[in-house]
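> Chains as they are written, first to last, in our numbering: chain C, 1 to 376; chain X, 1001 to 1514; chain Z, 2001 to 2313; chain V, 3001 to 3385.
Hint data in this document are derived by calculation from the structure and do not stem from the laboratory.
Accuracy of the hints is not assured; some may be wrong.
Lysine-lysine pairs mimicking DSSO-like chemistry, simulated, CA-CA at most 27 Å apart [said to hold, decoys possible]:
{"no.": "1", "chain 1": "X", "residue 1": "Lys-1118", "chain 2": "Z", "residue 2": "Lys-2165"}
{"no.": "2", "chain 1": "V", "residue 1": "Lys-3280", "chain 2": "Z", "residue 2": "Lys-2059"}
{"no.": "3", "chain 1": "Z", "residue 1": "Lys-2051", "chain 2": "V", "residue 2": "Lys-3280"}
{"no.": "4", "chain 1": "V", "residue 1": "Lys-3115", "chain 2": "C", "residue 2": "Lys-202"}
{"no.": "5", "chain 1": "C", "residue 1": "Lys-253", "chain 2": "X", "residue 2": "Lys-1318"}
{"no.": "6", "chain 1": "V", "residue 1": "Lys-3176", "chain 2": "V", "residue 2": "Lys-3313"}
{"no.": "7", "chain 1": "X", "residue 1": "Lys-1348", "chain 2": "X", "residue 2": "Lys-1425"}
{"no.": "8", "chain 1": "X", "residue 1": "Lys-1318", "chain 2": "X", "residue 2": "Lys-1271"}
{"no.": "9", "chain 1": "X", "residue 1": "Lys-1379", "chain 2": "C", "residue 2": "Lys-253"}
{"no.": "10", "chain 1": "V", "residue 1": "Lys-3258", "chain 2": "Z", "residue 2": "Lys-2051"}
{"no.": "11", "chain 1": "V", "residue 1": "Lys-3258", "chain 2": "C", "residue 2": "Lys-331"}
{"no.": "12", "chain 1": "X", "residue 1": "Lys-1135", "chain 2": "X", "residue 2": "Lys-1066"}
{"no.": "13", "chain 1": "X", "residue 1": "Lys-1379", "chain 2": "C", "residue 2": "Lys-248"}
{"no.": "14", "chain 1": "X", "residue 1": "Lys-1348", "chain 2": "Z", "residue 2": "Lys-2089"}
{"no.": "15", "chain 1": "X", "residue 1": "Lys-1389", "chain 2": "X", "residue 2": "Lys-1425"}
{"no.": "16", "chain 1": "C", "residue 1": "Lys-248", "chain 2": "Z", "residue 2": "Lys-2059"}
{"no.": "17", "chain 1": "X", "residue 1": "Lys-1379", "chain 2": "X", "residue 2": "Lys-1251"}
{"no.": "18", "chain 1": "C", "residue 1": "Lys-208", "chain 2": "C", "residue 2": "Lys-191"}
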Amino acid sequence: MSAENKSTEKISFFARPAVQSILASLLCIVFGLLIGYIALLFINAKGATEAIITIIKNYFTYPTKAAALKYFGNTLVKAAPLLMCALSIQFCYQAGLFNIGAAGQYVAGAGASLFCALKLGLPWYVCLIAAFVAGGIFGVVVGILKAYLNVNEVISGIMLNWIGLYTVNMLLSGVKETASPYTVTLASTNKAAVLPSIGLEKLFSNNKYVTIAIPLAILIAVLLKVILSMTVFGYEIKATGIAKDAAKYSGMKEKRNIILTLFIGGALAGLGAAFLYLTGYEQWSVTQSSVPGMGFNGIAATFLGGLDPIGTIFASYFIQHITSGGSYLDKNIYPSQISDFISAIIIYLCGFVLFFKYFLNSRIRNKKNNAEGGNK
Amino acid sequence: MADNSEYAIEMLGITKRFPGIIANDNVTIQLKKGEIHALLGENGAGKSTLMSVLFGLYQAEEGVIKKDGKEVQINNPNDANDLGIGMVHQHFKLVQCFSVLDNIILGDETVKHGFLQKDVARKKILELSEKYGLKVDPDAKIEDITVGMQQRTEILKMLYRDNEILIFDEPTAVLTPAEIDELMQIMKNLAKEGKSILFISHKLAEIMAVADRCSVLRRGKYIGTVNISETNQEELSRMMIGRDVQLVATKEDKEPGKVILHVENMTVPSKLHHNNAVKNVSFDVREGEIVCIAGIDGNGQTELVYGLSGLENITTGKIELSGKDITHASIRERSTSGMSHIPEDRHKHGLVLDYSLAYNLVLQRYFEPEFSTGAGFLKKNEINKYADKLIDQYDIRSSQGAVTLARSMSGGNQQKAIIAREIDKNPDLLIAVQPTRGLDVGAIEYIHKQLIAQRDSGHAVLLVSLELEEVMSISDRILVMYEGEIVGEFEPKKTTPEELGLYMAGAKRKEVGA
Amino acid sequence: MVLLLQYTLLFASVLILVALGGCFSEHSGVINLGLEGIMVIGALGGALTLKYINPSLPKLLIVLAVLGTSILCGVIYSMLLAFACINFKADQTLVGTALNMLAAAAATVIVKSINIAENPDNVSSTVQYVTSKKALVVNIGKFQFNWFMLVALIALIASYIVLYKTRFGLRLMACGEHPQAADSVGINVYTMRWAGVLISGLLAGIGGIVYITAGVSEWKFENGVAGFGFLALAVMIFGQWKPVNIGLAALLFGFFRALSNVYSGFDFLAALNIPGSVYNMMPYIISLIVLALTSANSRAPKAEGIPYDKGSR
Amino acid sequence: GSNNAGTATTSEPAQTTETTEAADATEAPAAEETAAATDMRVAMITDYGDITDQSFNQSTYEACKAFSEANGCDFTYYKPEGDSDAERVAMIDKAVADNYNVIVMPGYAFAGAIKETADMYPDVKFVALDVSEYDLEGDDSDFNNETYANVFSAVYQEELPGYMAGYAAVKMGFTKLGFLGGMAVPAVIRYGYGFVQGADAAAKEVGADVTLNYAYGNQFYGDADITAAMDTWYQGGTEVVFACGGGIFTSAGEAAAKVGGKVIGVDVDQAPTIDGMYEKGMTVTSAMKGLQATVNTLLSAIRDGQWDKFAGKIENLGLVSGDDTSLNYVGLPEDSTVWNDTFSKDDYLKLVADMASGTIKVSNDTSAEKPSAENIKVNFQGNIK
Ligand SMILES: Nc1ncnc2c1ncn2[C@@H]1O[C@H](COP(=O)(O)OP(=O)(O)OP(=O)(O)O)[C@@H](O)[C@H]1O
Ligand SMILES: Nc1ncnc2c1ncn2[C@@H]1O[C@H](COP(=O)(O)OP(=O)(O)OP(=O)(O)O)[C@@H](O)[C@H]1O
Ligand SMILES: [Mg+2]
Ligand SMILES: [Mg+2]
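Isolated chain C, as found in the complex (with noise of 0.2 Å):
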């Protein structure tokens, strides 16, 4: 039968599943990083070098500390919202279910949160709940169609997208501005609804949309770690996820628990809007013909992270960072959708992650067990 090798052996460093998921992650952005800079030699081999620099510098380009503070600033504050919705895409991963309506989710958070800020004129906490319960419920109608109806997630998620894109467009055309199709700024409408800063703009030069969003999201993070793997909910979340049969077999609901799944994973993207648009940072366009990418490049996130939220928190952060630093491209010379370029190039090599780390295990049993017979 077995081997019965005791659980008590040390382990070697690379057996270590962390330490797998963080070398693969770091593998795929240098192959990453490396597929993005020969495209950038094919467009142009002079600038090439200075152009990847310029991707990885971000900010760094800003030749004052506060500038570059400020703008470190920025890249928080839109990797907050990626977070969220990174977040709700790995949870309901954990459930077995690909949230790809994490977008719509968003939407629906955005449309929430802006709607009762602006025309209902509610404090910051009050639409924070607004998009939660938003998101969640885009979510839940997902949970609806599977549990009950054997709707596959993507499509009915994919579809959802466009409905909640323009249902809140209609939605939030009552709050705009009457010259532009922006809703109208949160600073000027309902100062109240503005997330607190709590002193952290300090930290960041002064920047106004640093707020209580960013350390929010990273404590969400670490509690869904939490819940994850130390609850008897995670226990049952995961259960429901890998094997839904046995799941209900030993009394779980499982029906409740795929809808519960993704009343969570759906509020979480709602809330990530709500992070978003709530700093004042964006106003949203009414007449905006496609839902925000922000969802989708949540799934990059969830997948350079390891699947793990605490892995997640900075995979969302680097995938920000080389967004964010792709704005600073000499645009003479190359298309700025190079970061975009490399950012899927990234999320493409996350699919062999899995087959990275089954190599490397077969490596390190091979190297054991060719160590053991030459014992004998």
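Model the placement of chains X, Z and V with the ligands on the given structure of chain C, informed by the hints.
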């Protein structure tokens, strides 16, 4: 060696390793022409692996394979096919939504300009099915036909390819007694035709009945080969396990106590057809007795248990557990009210295959205060301690103990884990559905002992089994199910397998009161 | 009326081609979420051919050349999916999503680079094909017939025959249903899955060029194909992975899509005065409702989405 | 997309009003001016559209680039990461950090960014296009046409050329009109509402029974969906469509070609582009505004040390003269418009004179959600996509 070798197939010194395990360790078996050669061994002994090597699904690290005395290379199933080797796999390799015909021709299609010539194939299949008495409907879909017919499809698949060497990997594990008899006959016919057969089974009686010779494996190692005419079941099981095995369970007489499970007029709808799967069934199970539901597969036993355990809603009727009405109770409520359930499908229902053994061992109890805090956190230490206790107590073997992934464990040990979990709950009622299916005699002995221990300590046991031998040996009372109804109630001492067989086949019935 | 018919057929042609592509891939066991991206790359190939081909060549030749390059591009691009998902067992949903993002970015980068190389002042991501595009259509009275409608019809019939009447189809579907069974009878599952994915690349590639030439004579590649690949996936599911049903489903979806654009031509619809957004949501809402009603007994290929591993059983 | 309806063509210089200065810009600069010009470093920042939007950004980019090449000064452009003030500010910061001292910003969306940065960088010259005083000052606007000392903004009165186009179309004898906007952004709406007013006035004058389909494509490019809608219009009897937004004319042109319909161009004289793509005579006229000319004027002024003439001002560019149309910032192309008996060039000149003198008033109020008219029937279809 000469071309007119005595052996159809020789596997010499085969060694096959999997990560962390040597599945076959220098194994040699020789299959004579026209013989039925049985292969015996505990779960995980390496039988399927050895056959997969012969069939080209795996490549052995060491050893040679000879066909008719000539060394051959078998790198994939195509090579095996070309050499006339066919295999009926332990888990059928049939495409559920294809027809019987499509499954048979798959991989060996007759085509004209790339277009399938199904009529040619149909003719050939009907001829074969006539010749060997393998009744099938070529146009029926696999998902609609019985397991027996699926097996006949698998056999036809081999014959259709004119295979000379036929491998049967545990073909009887899923068959009804009548079907087993039929299969035995077919195998004998095939051998008579000159085909050579390798036959894997855990059922010693079957091996004694059909095989000419038997090779035994134990933990990947070759133990020996014996002539069936010169051996008996006891010797075989000793070779296999390395010790004497009690092949028939024994138990003392015991007077049943008060009613634990009371079922009244229960009707359960069917997922497959519009008819009800269980029709108006009533019965009781008492303290200190093992009640067995016997019957041919597909007569509503599965749905009956689903109805009892809450996996499926019942349409009418009433269920009481220890006097408490649980008709509309949730699965969780039933479980906490004293019902344990060893499910029929251990991979689908019984285990979360990608969870550790420890997590699986608390699958029914993780929410209890013993394993989780009021705030909803799991007490991991307690869970691991508890798992270690069960592993020890129930002798569950795995590579890394409590942290082993359930998926990587052998079938027998997976089953042991489920049994440990369900019994350790100390249930008033234990429902066990085919708990010994596919397990070796050692494991079966163990499970039977556990069931009887439950009964002896005054709990009620409801056993669903397709195997008459098991039914006869361990039950106190037998209920026969036919087409969703209970058509007879017997005491094992006052009936015979033959009588039960008639009821199971629907030839006879008597009214049974609850 | 004629317009409604014409655009129904046009949109349906795109959906049929792409959904059939998805159908082949999924029957082989690989979920192809990257159809949208493959469409973009197929469209890119076709558009560039239209741009550079001599418009005075015989029409048939132009149509064939465009078909050829679109197919080539679609097939090559789909290799990225096949390689990662079949040989390296990557998560199919992830890779599909990555391919969608990659296609939009890559197509834009490529077109911009080409445009700038030709004329440093032209920084657009637009490819124009005004004259040569005329080869693709024939006016029959008020109805504008598009050769690709015929291509879609042929693809539909061919798919039906290939899947149900040939050895290839039987083997392909076996790989999507029960790859272990296919393997055990000597079918190379990896090869068949590659075939399935490449065929999906072929069909989606054509779908892409049909989509971007359906209504206009130039295309801006920043805009991708606006979700048509995903709509095609819905069509495929609604069509239960069966060519004939896919054909019907595509007609239904195409009809609503067309209606949302031409409703103003129907007085009674115009009189209802429904906001435009509602018509825009229609195809999506209807897909969702239809899927909700039909998915309960949906029969996706059993093994789709699961990488095949020879070792596992 | 972008915030303007403009269509840029690389080949066609805008028919402009500031001919003299525009011409100067492309001529080789005089020796003493070169010194000034090389000190001048021009950066353009796009709004959320790319410089490939066949529209506002593209026109501005081309004008800036042409000027910079002609004058040998450094030029680059920045594209913000997304559509927000914060990201636009980031690009301004970056441009200043990279030592650019003239920043050209097309689009009303820059109002927020200008408010944040104008005071911070007093030495940088900001040239904004389409940023109105209201955009900058909100409800506190005093409408004195003054703003930050280092900012100049040009706002176009698109309702005027829109009016002219609508008026012309009806006078030319068309009775079934269409307006196909890109996205419903201020400039597009002004064009559209002007177009309706012009058609309305002309219908009253000639007593014709005029209907007008009004819709936005919600994007600045054509595709099958929009072509289908245009087919519906044209085949339902629409004779001429004002295709008002970036590349969206492709859908109108495609549909028009099938039935011999007509198209009205936007921003620049689009007749060469559209007629070149489809068929001769398809474009009956174009509603133009002198975007590139303004850029040229401003950059030349800065080069020539004349920035003070513009600094701190917001100019509403529209009609300057009732007599000399070449001085106006808006108008119809006098060469390519298909004049006829009922609407001749003289009729047009009279119209301009009346508008300039105030005899004809055109409202620039875009607060209404739908356009309205008294004498014609407007079928408002909203966003068709
Ligand atoms: N694909 C595989 N990868 C890793 N280990 C394997 C694999 N297949 C089998 N094994 C291991 O090889 C051993 C032999 O397995 P095998 O399936 O041959 O046993 P068996 O004798 O057929 O058992 P059973 O009676 O349960 O069918 C087992 O311990 C199993 O864990
Ligand atoms: N991928 C794998 N890795 C490790 N062990 C495996 C793998 N697949 C199967 N096994 C082991 O191989 C052995 C034989 O398994 P097999 O599937 O033949 O039947 P089984 O586990 O006895 O179940 P059953 O009889 O119910 O079908 C088992 O010990 C199983 O755990
Ligand atoms: Mg086996
Ligand atoms: Mg077994």
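> Against which earlier hints does the structure fall short, listed by number upward?
Numbers 6, 11, 12, 16 and 17, in rising order.
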